[in-house]
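Residue numbers (this note's numbering): 461 to 922.
Some hints could be false.
[What the hints assert, rightly or not] Listed next, with one range per pair, are the computed distances between beta-carbon atoms:
1) W893 to F602: 39 to 49 Å
2) D593 to L517: 22 to 32 Å
3) F604 to L520: 15 to 25 Å
4) I794 to G661: 32 to 42 Å
5) D761 to E665: 32 to 42 Å
6) Q699 to F604: 26 to 36 Å
Calculated from the structure, these hints are not laboratory results. By construction, the Cβ of each residue, glycine as well, lies at the ideal position given by its N, Cα and C atoms.
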Amino acid sequence: MDGRMMRSVRLREDESPGPNHSASCLCGSAPCILCGCCPSSRNSTVTRLVFTTFLFLGVLVCVIMLSPGVESQLYKLPWVCEEGAGGTSVILQGHIDCGSLLGYRAVYRMCFAMAAFFFLFTLLMTCVRSSRDPRAAIQNGFWFFKFLVLVGITVGAFYIPDGSFSNIWFYFGVVGSFFFILIQLVLLIDFAHSWNQRWLGKAEECDSRAWYAGLFFFTLLFYSLSIAAVALLFIYYTQPDSCYEGKVFIGLNLTLCVCVSIAAVLPKVQDAQPNSGLLQASVITLYTMFVTWLALSNVPDQKCNPHLPTRLSNETVLAGPEGYETQWWDAPSIVGLVVFILCTLFISLRSSDHRQVNSLMQTEECPPILEQQQQGVACEGRAFDNEQDGVTYSYSFFHFCLVLASLHIMMTLTNWYKPGETRKMVSTWTAVWVKICASWAGLLLYLWTLVAPLLLPSRDFS
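Take the sequences, apply the hints, and build the full model.
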(Lines of atoms letter the chains of each structure in order from A and count residues from 1; the text may use other names and numbers.)
(Lines give C-alpha, C1' and ligand atoms only; values in the text may rest on other atoms or scores of the structure.)
Protein backbone atom coordinates (compact mmCIF):
# COMPACT_ATOMS: atom_id res chain seq x y z
CA MET A 1 0.00 0.00 0.00
CA ASP A 2 2.86 2.37 0.88
CA GLY A 3 4.49 1.67 -2.49
CA ARG A 4 1.28 2.56 -4.33
CA MET A 5 0.96 5.79 -2.37
CA MET A 6 4.55 6.74 -3.17
CA ARG A 7 4.01 6.09 -6.88
CA SER A 8 0.81 8.20 -6.88
CA VAL A 9 2.62 11.06 -5.14
CA ARG A 10 5.41 10.92 -7.71
CA LEU A 11 2.87 10.89 -10.53
CA ARG A 12 1.17 14.01 -9.14
CA GLU A 13 4.51 15.75 -8.81
CA ASP A 14 5.41 14.89 -12.40
CA GLU A 15 2.07 16.14 -13.73
CA SER A 16 2.12 19.43 -11.82
CA PRO A 17 3.68 22.32 -13.77
CA GLY A 18 6.97 23.38 -12.25
CA PRO A 19 9.12 26.46 -12.77
CA ASN A 20 10.79 24.93 -15.84
CA HIS A 21 7.46 24.04 -17.44
CA SER A 22 7.37 27.04 -19.80
CA ALA A 23 10.97 26.51 -20.86
CA SER A 24 10.36 22.82 -21.55
CA CYS A 25 7.42 23.73 -23.76
CA LEU A 26 9.84 25.47 -26.10
CA CYS A 27 11.65 22.20 -26.66
CA GLY A 28 9.05 19.60 -25.72
CA SER A 29 6.17 17.95 -27.52
CA ALA A 30 3.43 19.77 -29.39
CA PRO A 31 0.55 19.33 -26.89
CA CYS A 32 2.64 21.11 -24.26
CA ILE A 33 2.04 24.37 -26.12
CA LEU A 34 -1.72 24.25 -25.69
CA CYS A 35 -1.91 22.17 -22.51
CA GLY A 36 -3.12 25.15 -20.50
CA CYS A 37 -6.16 25.98 -22.61
CA CYS A 38 -6.75 22.64 -24.37
CA PRO A 39 -5.67 19.78 -22.06
CA SER A 40 -6.99 16.95 -24.26
CA SER A 41 -5.37 18.15 -27.48
CA ARG A 42 -3.84 15.60 -29.82
CA ASN A 43 -0.16 15.67 -30.61
CA SER A 44 -0.70 15.50 -34.37
CA THR A 45 -3.34 18.25 -34.50
CA VAL A 46 -1.36 20.74 -32.43
CA THR A 47 1.77 20.13 -34.50
CA ARG A 48 -0.05 20.91 -37.74
CA LEU A 49 -1.59 24.01 -36.19
CA VAL A 50 1.78 25.37 -35.04
CA PHE A 51 3.39 24.84 -38.44
CA THR A 52 0.37 26.52 -40.04
CA THR A 53 0.84 29.41 -37.59
CA PHE A 54 4.41 29.77 -38.87
CA LEU A 55 2.99 30.02 -42.38
CA PHE A 56 0.41 32.62 -41.36
CA LEU A 57 3.08 34.71 -39.61
CA GLY A 58 5.00 34.79 -42.88
CA VAL A 59 1.85 35.82 -44.72
CA LEU A 60 1.34 38.63 -42.20
CA VAL A 61 4.88 39.88 -42.81
CA CYS A 62 4.21 39.85 -46.56
CA VAL A 63 1.01 41.86 -46.13
CA ILE A 64 2.82 44.41 -43.95
CA MET A 65 5.64 44.80 -46.49
CA LEU A 66 3.06 45.37 -49.22
CA SER A 67 1.36 48.16 -47.29
CA PRO A 68 2.04 51.58 -48.85
CA GLY A 69 2.53 53.25 -45.46
CA VAL A 70 5.38 50.90 -44.53
CA GLU A 71 7.49 52.09 -47.47
CA SER A 72 7.48 55.73 -46.40
CA GLN A 73 8.12 54.83 -42.76
CA LEU A 74 11.01 52.51 -43.64
CA TYR A 75 12.89 55.27 -45.44
CA LYS A 76 12.60 57.46 -42.34
CA LEU A 77 14.80 55.05 -40.37
CA PRO A 78 18.40 56.27 -40.75
CA TRP A 79 19.91 52.91 -39.84
CA VAL A 80 18.02 51.02 -42.56
CA CYS A 81 17.86 52.84 -45.85
CA GLU A 82 19.17 56.38 -45.52
CA GLU A 83 22.82 57.10 -46.07
CA GLY A 84 25.04 58.18 -43.24
CA ALA A 85 27.70 60.82 -43.11
CA GLY A 86 30.18 58.67 -44.97
CA GLY A 87 27.81 58.17 -47.85
CA THR A 88 26.85 54.61 -46.93
CA SER A 89 24.20 53.04 -44.79
CA VAL A 90 25.09 53.35 -41.11
CA ILE A 91 24.61 49.69 -40.16
CA LEU A 92 23.89 47.70 -43.32
CA GLN A 93 26.71 49.39 -45.25
CA GLY A 94 25.14 48.64 -48.59
CA HIS A 95 25.20 44.86 -48.14
CA ILE A 96 21.44 44.66 -48.56
CA ASP A 97 19.29 46.43 -51.12
CA CYS A 98 16.65 48.34 -49.20
CA GLY A 99 14.28 47.83 -52.09
CA SER A 100 14.19 44.12 -51.26
CA LEU A 101 12.49 45.01 -47.95
CA LEU A 102 9.49 46.45 -49.77
CA GLY A 103 6.80 45.43 -52.23
CA TYR A 104 6.82 42.30 -54.32
CA ARG A 105 10.53 41.66 -53.76
CA ALA A 106 9.92 41.36 -50.01
CA VAL A 107 7.04 38.95 -50.71
CA TYR A 108 9.24 36.85 -52.99
CA ARG A 109 12.01 36.60 -50.41
CA MET A 110 9.68 35.92 -47.48
CA CYS A 111 7.85 33.18 -49.37
CA PHE A 112 11.17 31.75 -50.56
CA ALA A 113 12.23 31.46 -46.93
CA MET A 114 8.97 29.74 -45.94
CA ALA A 115 9.14 27.36 -48.90
CA ALA A 116 12.77 26.50 -48.09
CA PHE A 117 11.89 25.94 -44.41
CA PHE A 118 9.02 23.57 -45.16
CA PHE A 119 10.95 21.82 -47.95
CA LEU A 120 13.73 21.13 -45.44
CA PHE A 121 11.19 19.38 -43.20
CA THR A 122 9.74 17.57 -46.22
CA LEU A 123 13.11 15.91 -46.76
CA LEU A 124 13.81 15.44 -43.06
CA MET A 125 10.48 13.74 -42.26
CA THR A 126 10.41 11.28 -45.14
CA CYS A 127 9.22 7.79 -44.12
CA VAL A 128 8.49 8.58 -40.46
CA ARG A 129 6.14 5.80 -39.30
CA SER A 130 5.40 6.65 -35.68
CA SER A 131 6.26 9.08 -32.91
CA ARG A 132 8.82 6.56 -31.68
CA ASP A 133 11.04 7.58 -34.61
CA PRO A 134 13.74 10.02 -33.36
CA ARG A 135 12.80 12.43 -36.15
CA ALA A 136 9.25 12.62 -34.80
CA ALA A 137 10.61 14.47 -31.76
CA ILE A 138 11.86 17.17 -34.13
CA GLN A 139 8.47 17.27 -35.85
CA ASN A 140 6.48 17.59 -32.64
CA GLY A 141 8.85 19.67 -30.52
CA PHE A 142 11.80 22.09 -30.41
CA TRP A 143 9.50 24.92 -31.51
CA PHE A 144 11.75 27.71 -30.30
CA PHE A 145 14.70 26.38 -32.29
CA LYS A 146 12.55 25.77 -35.37
CA PHE A 147 11.36 29.36 -35.18
CA LEU A 148 14.99 30.50 -35.01
CA VAL A 149 15.75 28.41 -38.10
CA LEU A 150 12.86 30.06 -39.96
CA VAL A 151 14.06 33.52 -38.91
CA GLY A 152 17.61 32.69 -39.99
CA ILE A 153 16.48 31.48 -43.41
CA THR A 154 14.34 34.60 -43.78
CA VAL A 155 17.23 36.93 -42.97
CA GLY A 156 19.43 35.08 -45.44
CA ALA A 157 16.74 35.30 -48.13
CA PHE A 158 16.77 39.10 -47.96
CA TYR A 159 20.47 39.08 -48.79
CA ILE A 160 19.90 37.26 -52.09
CA PRO A 161 21.00 39.54 -54.95
CA ASP A 162 18.08 40.70 -57.06
CA GLY A 163 19.46 39.81 -60.49
CA SER A 164 17.36 37.07 -62.06
CA PHE A 165 16.09 35.72 -58.73
CA SER A 166 12.62 37.24 -59.05
CA ASN A 167 12.13 36.06 -62.62
CA ILE A 168 13.20 32.49 -61.84
CA TRP A 169 11.24 32.31 -58.58
CA PHE A 170 8.14 33.56 -60.42
CA TYR A 171 7.99 30.34 -62.44
CA PHE A 172 8.48 28.24 -59.31
CA GLY A 173 5.49 30.08 -57.87
CA VAL A 174 3.41 29.44 -60.99
CA VAL A 175 4.01 25.68 -60.89
CA GLY A 176 3.51 25.38 -57.13
CA SER A 177 0.37 27.47 -57.18
CA PHE A 178 -1.09 25.33 -59.97
CA PHE A 179 -0.83 22.21 -57.82
CA PHE A 180 -2.13 23.99 -54.73
CA ILE A 181 -5.24 25.04 -56.65
CA LEU A 182 -5.84 21.36 -57.35
CA ILE A 183 -5.36 20.57 -53.67
CA GLN A 184 -7.93 23.23 -52.83
CA LEU A 185 -10.35 21.54 -55.20
CA VAL A 186 -9.77 18.14 -53.58
CA LEU A 187 -10.48 19.70 -50.18
CA LEU A 188 -13.69 21.23 -51.50
CA ILE A 189 -14.79 17.92 -53.00
CA ASP A 190 -14.14 16.18 -49.69
CA PHE A 191 -15.94 18.90 -47.74
CA ALA A 192 -18.98 18.72 -50.03
CA HIS A 193 -19.09 14.91 -49.85
CA SER A 194 -18.88 14.96 -46.04
CA TRP A 195 -21.51 17.70 -45.84
CA ASN A 196 -23.92 15.85 -48.12
CA GLN A 197 -23.40 12.54 -46.34
CA ARG A 198 -23.94 13.97 -42.85
CA TRP A 199 -27.10 15.85 -43.73
CA LEU A 200 -28.57 12.86 -45.54
CA GLY A 201 -27.78 10.75 -42.49
CA LYS A 202 -29.45 13.31 -40.22
CA ALA A 203 -32.50 13.31 -42.48
CA GLU A 204 -32.80 9.52 -42.22
CA GLU A 205 -32.21 9.43 -38.47
CA CYS A 206 -34.62 12.23 -37.60
CA ASP A 207 -37.09 11.42 -40.38
CA SER A 208 -37.26 15.14 -41.09
CA ARG A 209 -37.51 16.93 -44.40
CA ALA A 210 -35.74 19.98 -43.00
CA TRP A 211 -32.36 18.46 -43.78
CA TYR A 212 -33.39 17.79 -47.37
CA ALA A 213 -34.66 21.37 -47.59
CA GLY A 214 -31.30 22.61 -46.32
CA LEU A 215 -29.40 20.64 -48.97
CA PHE A 216 -31.75 21.94 -51.65
CA PHE A 217 -31.35 25.53 -50.43
CA PHE A 218 -27.55 25.51 -50.49
CA THR A 219 -27.45 23.70 -53.82
CA LEU A 220 -29.75 26.32 -55.31
CA LEU A 221 -27.72 29.10 -53.67
CA PHE A 222 -24.42 27.87 -55.11
CA TYR A 223 -25.86 27.45 -58.60
CA SER A 224 -27.44 30.91 -58.39
CA LEU A 225 -24.12 32.45 -57.36
CA SER A 226 -22.43 30.62 -60.24
CA ILE A 227 -24.95 31.95 -62.77
CA ALA A 228 -24.55 35.45 -61.37
CA ALA A 229 -20.76 35.08 -61.61
CA VAL A 230 -21.02 34.05 -65.27
CA ALA A 231 -23.18 37.10 -66.03
CA LEU A 232 -20.78 39.45 -64.25
CA LEU A 233 -17.78 37.94 -66.01
CA PHE A 234 -19.38 38.53 -69.39
CA ILE A 235 -20.28 42.10 -68.42
CA TYR A 236 -16.96 43.22 -66.94
CA TYR A 237 -14.38 41.06 -68.72
CA THR A 238 -15.66 40.94 -72.29
CA GLN A 239 -16.55 43.42 -75.02
CA PRO A 240 -19.00 42.91 -77.92
CA ASP A 241 -16.30 43.26 -80.58
CA SER A 242 -13.24 41.92 -78.72
CA CYS A 243 -12.05 39.85 -75.73
CA TYR A 244 -12.68 36.60 -77.58
CA GLU A 245 -10.35 34.66 -75.29
CA GLY A 246 -12.40 35.62 -72.25
CA LYS A 247 -15.64 34.65 -73.97
CA VAL A 248 -14.19 31.24 -74.85
CA PHE A 249 -12.91 30.63 -71.32
CA ILE A 250 -16.21 31.59 -69.67
CA GLY A 251 -18.36 29.68 -72.14
CA LEU A 252 -16.19 26.55 -72.08
CA ASN A 253 -16.01 26.40 -68.29
CA LEU A 254 -19.76 26.93 -68.05
CA THR A 255 -20.33 24.06 -70.48
CA LEU A 256 -18.00 21.77 -68.54
CA CYS A 257 -19.76 22.61 -65.28
CA VAL A 258 -23.12 21.73 -66.83
CA CYS A 259 -21.66 18.41 -68.03
CA VAL A 260 -20.31 17.39 -64.62
CA SER A 261 -23.59 18.43 -62.98
CA ILE A 262 -25.51 16.15 -65.33
CA ALA A 263 -23.02 13.35 -64.77
CA ALA A 264 -23.44 13.66 -60.99
CA VAL A 265 -27.16 12.70 -61.17
CA LEU A 266 -26.99 9.97 -63.80
CA PRO A 267 -28.67 6.77 -62.57
CA LYS A 268 -25.58 4.61 -63.06
CA VAL A 269 -23.41 7.10 -61.19
CA GLN A 270 -25.98 7.26 -58.37
CA ASP A 271 -26.04 3.47 -58.12
CA ALA A 272 -22.26 3.21 -57.99
CA GLN A 273 -21.87 6.23 -55.67
CA PRO A 274 -25.05 6.95 -53.68
CA ASN A 275 -23.48 9.93 -51.88
CA SER A 276 -22.84 11.87 -55.08
CA GLY A 277 -25.30 14.61 -55.94
CA LEU A 278 -25.89 18.17 -57.04
CA LEU A 279 -24.53 19.69 -53.83
CA GLN A 280 -20.99 18.61 -54.68
CA ALA A 281 -21.46 19.63 -58.31
CA SER A 282 -22.71 23.08 -57.25
CA VAL A 283 -19.68 23.60 -55.03
CA ILE A 284 -17.33 22.60 -57.86
CA THR A 285 -19.19 24.85 -60.28
CA LEU A 286 -18.89 27.86 -57.98
CA TYR A 287 -15.18 27.17 -57.39
CA THR A 288 -14.60 26.86 -61.14
CA MET A 289 -16.21 30.25 -61.71
CA PHE A 290 -13.98 31.65 -58.96
CA VAL A 291 -10.83 30.33 -60.65
CA THR A 292 -12.11 31.67 -63.99
CA TRP A 293 -12.50 35.08 -62.37
CA LEU A 294 -8.93 34.89 -61.09
CA ALA A 295 -7.72 33.99 -64.58
CA LEU A 296 -9.56 36.83 -66.31
CA SER A 297 -8.23 39.32 -63.75
CA ASN A 298 -4.75 38.65 -65.17
CA VAL A 299 -5.56 39.22 -68.86
CA PRO A 300 -2.92 41.75 -70.02
CA ASP A 301 -5.42 43.84 -71.94
CA GLN A 302 -6.90 46.98 -70.39
CA LYS A 303 -9.93 46.72 -72.66
CA CYS A 304 -10.79 43.26 -71.31
CA ASN A 305 -9.56 43.63 -67.76
CA PRO A 306 -11.04 46.43 -65.61
CA HIS A 307 -8.41 45.87 -62.90
CA LEU A 308 -5.41 46.92 -64.97
CA PRO A 309 -6.05 50.71 -65.10
CA THR A 310 -6.69 50.80 -61.35
CA ARG A 311 -3.55 48.87 -60.55
CA LEU A 312 -1.30 50.92 -62.78
CA SER A 313 -2.56 54.36 -61.87
CA ASN A 314 -4.50 54.82 -58.66
CA GLU A 315 -2.88 52.10 -56.53
CA THR A 316 0.68 52.26 -57.81
CA VAL A 317 3.11 53.33 -55.13
CA LEU A 318 6.55 54.71 -55.95
CA ALA A 319 9.09 54.13 -53.22
CA GLY A 320 12.72 55.06 -52.78
CA PRO A 321 15.18 56.79 -55.02
CA GLU A 322 15.20 53.92 -57.49
CA GLY A 323 11.53 54.45 -58.26
CA TYR A 324 10.48 50.79 -58.45
CA GLU A 325 6.77 50.07 -58.43
CA THR A 326 4.61 47.83 -56.28
CA GLN A 327 0.91 47.08 -56.69
CA TRP A 328 -1.51 46.61 -53.87
CA TRP A 329 -3.70 43.53 -54.23
CA ASP A 330 -7.30 43.81 -55.33
CA ALA A 331 -10.63 42.01 -54.85
CA PRO A 332 -9.64 38.71 -56.57
CA SER A 333 -6.51 38.54 -54.44
CA ILE A 334 -8.41 39.29 -51.23
CA VAL A 335 -10.97 36.55 -51.93
CA GLY A 336 -8.14 34.22 -52.92
CA LEU A 337 -6.40 34.96 -49.62
CA VAL A 338 -9.55 34.10 -47.66
CA VAL A 339 -9.98 30.82 -49.57
CA PHE A 340 -6.29 30.05 -49.00
CA ILE A 341 -6.61 30.57 -45.24
CA LEU A 342 -9.71 28.37 -44.99
CA CYS A 343 -8.18 25.54 -47.04
CA THR A 344 -4.91 25.68 -45.11
CA LEU A 345 -6.78 25.48 -41.80
CA PHE A 346 -8.79 22.57 -43.16
CA ILE A 347 -5.56 20.74 -43.97
CA SER A 348 -4.42 21.28 -40.37
CA LEU A 349 -7.67 20.42 -38.63
CA ARG A 350 -9.11 17.66 -40.82
CA SER A 351 -9.98 14.48 -38.93
CA SER A 352 -10.20 10.82 -39.81
CA ASP A 353 -13.75 11.38 -41.09
CA HIS A 354 -12.48 13.03 -44.26
CA ARG A 355 -11.51 10.07 -46.37
CA GLN A 356 -10.45 11.88 -49.53
CA VAL A 357 -8.17 14.20 -47.58
CA ASN A 358 -6.74 11.21 -45.73
CA SER A 359 -5.99 9.58 -49.06
CA LEU A 360 -4.38 12.78 -50.30
CA MET A 361 -2.33 13.19 -47.12
CA GLN A 362 -1.55 9.43 -47.00
CA THR A 363 -3.25 9.26 -43.62
CA GLU A 364 -3.43 5.98 -41.73
CA GLU A 365 -6.50 5.00 -39.74
CA CYS A 366 -6.09 4.94 -35.98
CA PRO A 367 -6.09 1.39 -34.55
CA PRO A 368 -9.13 0.67 -32.34
CA ILE A 369 -7.02 -0.20 -29.29
CA LEU A 370 -5.02 3.01 -29.58
CA GLU A 371 -8.21 5.00 -30.08
CA GLN A 372 -9.62 3.62 -26.82
CA GLN A 373 -6.42 4.59 -25.03
CA GLN A 374 -6.63 8.10 -26.46
CA GLN A 375 -10.22 8.49 -25.29
CA GLY A 376 -9.22 7.41 -21.80
CA VAL A 377 -6.38 9.93 -21.66
CA ALA A 378 -8.63 12.66 -23.06
CA CYS A 379 -11.21 11.97 -20.35
CA GLU A 380 -8.48 12.54 -17.76
CA GLY A 381 -7.96 16.04 -19.19
CA ARG A 382 -4.37 15.63 -20.35
CA ALA A 383 -2.60 16.18 -23.64
CA PHE A 384 -1.60 12.93 -25.27
CA ASP A 385 0.51 11.45 -28.03
CA ASN A 386 -1.76 9.71 -30.53
CA GLU A 387 0.98 8.48 -32.88
CA GLN A 388 2.88 5.89 -30.87
CA ASP A 389 1.70 2.98 -33.01
CA GLY A 390 1.54 4.86 -36.32
CA VAL A 391 1.39 8.39 -37.65
CA THR A 392 -2.06 9.86 -38.30
CA TYR A 393 -0.80 11.79 -41.34
CA SER A 394 2.21 11.85 -43.62
CA TYR A 395 4.70 14.29 -42.11
CA SER A 396 6.60 14.83 -45.35
CA PHE A 397 3.51 15.31 -47.52
CA PHE A 398 2.03 17.76 -45.02
CA HIS A 399 5.16 19.90 -45.25
CA PHE A 400 5.12 19.59 -49.04
CA CYS A 401 1.57 20.99 -48.99
CA LEU A 402 2.88 23.92 -46.98
CA VAL A 403 5.63 24.41 -49.59
CA LEU A 404 2.93 24.67 -52.26
CA ALA A 405 0.90 26.94 -49.97
CA SER A 406 3.89 29.27 -49.61
CA LEU A 407 4.24 29.50 -53.38
CA HIS A 408 0.51 30.00 -53.85
CA ILE A 409 0.27 32.85 -51.35
CA MET A 410 3.27 34.49 -53.02
CA MET A 411 1.43 34.51 -56.34
CA THR A 412 -1.82 35.61 -54.71
CA LEU A 413 -0.34 38.62 -52.91
CA THR A 414 1.49 39.77 -56.06
CA ASN A 415 -1.59 39.32 -58.29
CA TRP A 416 0.32 36.70 -60.32
CA TYR A 417 2.23 39.61 -61.89
CA LYS A 418 5.63 38.89 -63.41
CA PRO A 419 8.59 41.11 -62.46
CA GLY A 420 9.45 43.41 -65.37
CA GLU A 421 12.79 44.78 -66.52
CA THR A 422 12.21 48.16 -64.82
CA ARG A 423 11.15 46.58 -61.52
CA LYS A 424 7.50 46.92 -62.42
CA MET A 425 5.04 44.06 -62.04
CA VAL A 426 3.36 43.21 -65.33
CA SER A 427 0.47 40.89 -66.06
CA THR A 428 1.11 38.03 -68.49
CA TRP A 429 -0.83 35.37 -70.32
CA THR A 430 1.16 32.74 -68.41
CA ALA A 431 -0.89 33.40 -65.27
CA VAL A 432 -4.13 33.30 -67.28
CA TRP A 433 -3.38 29.95 -68.88
CA VAL A 434 -2.13 28.36 -65.65
CA LYS A 435 -5.37 29.24 -63.83
CA ILE A 436 -7.58 28.16 -66.73
CA CYS A 437 -5.72 24.86 -67.04
CA ALA A 438 -6.06 24.38 -63.28
CA SER A 439 -9.84 24.84 -63.57
CA TRP A 440 -9.99 22.27 -66.38
CA ALA A 441 -7.82 19.81 -64.46
CA GLY A 442 -10.06 20.28 -61.40
CA LEU A 443 -13.22 19.54 -63.39
CA LEU A 444 -11.63 16.44 -64.89
CA LEU A 445 -10.56 15.33 -61.42
CA TYR A 446 -14.10 15.69 -60.10
CA LEU A 447 -15.49 13.87 -63.15
CA TRP A 448 -13.06 11.05 -62.45
CA THR A 449 -14.41 10.72 -58.90
CA LEU A 450 -17.86 10.19 -60.44
CA VAL A 451 -17.01 7.67 -63.16
CA ALA A 452 -14.17 5.81 -61.43
CA PRO A 453 -16.53 3.36 -59.63
CA LEU A 454 -18.07 2.51 -63.02
CA LEU A 455 -14.77 2.04 -64.82
CA LEU A 456 -13.09 0.17 -61.95
CA PRO A 457 -15.88 -1.84 -60.27
CA SER A 458 -13.43 -4.13 -58.46
CA ARG A 459 -12.05 -1.27 -56.33
CA ASP A 460 -13.67 0.18 -53.25
CA PHE A 461 -14.44 3.91 -53.65
CA SER A 462 -16.69 4.24 -50.61
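Violated constraints from the hint list, given by number and in increasing order: 5, 6
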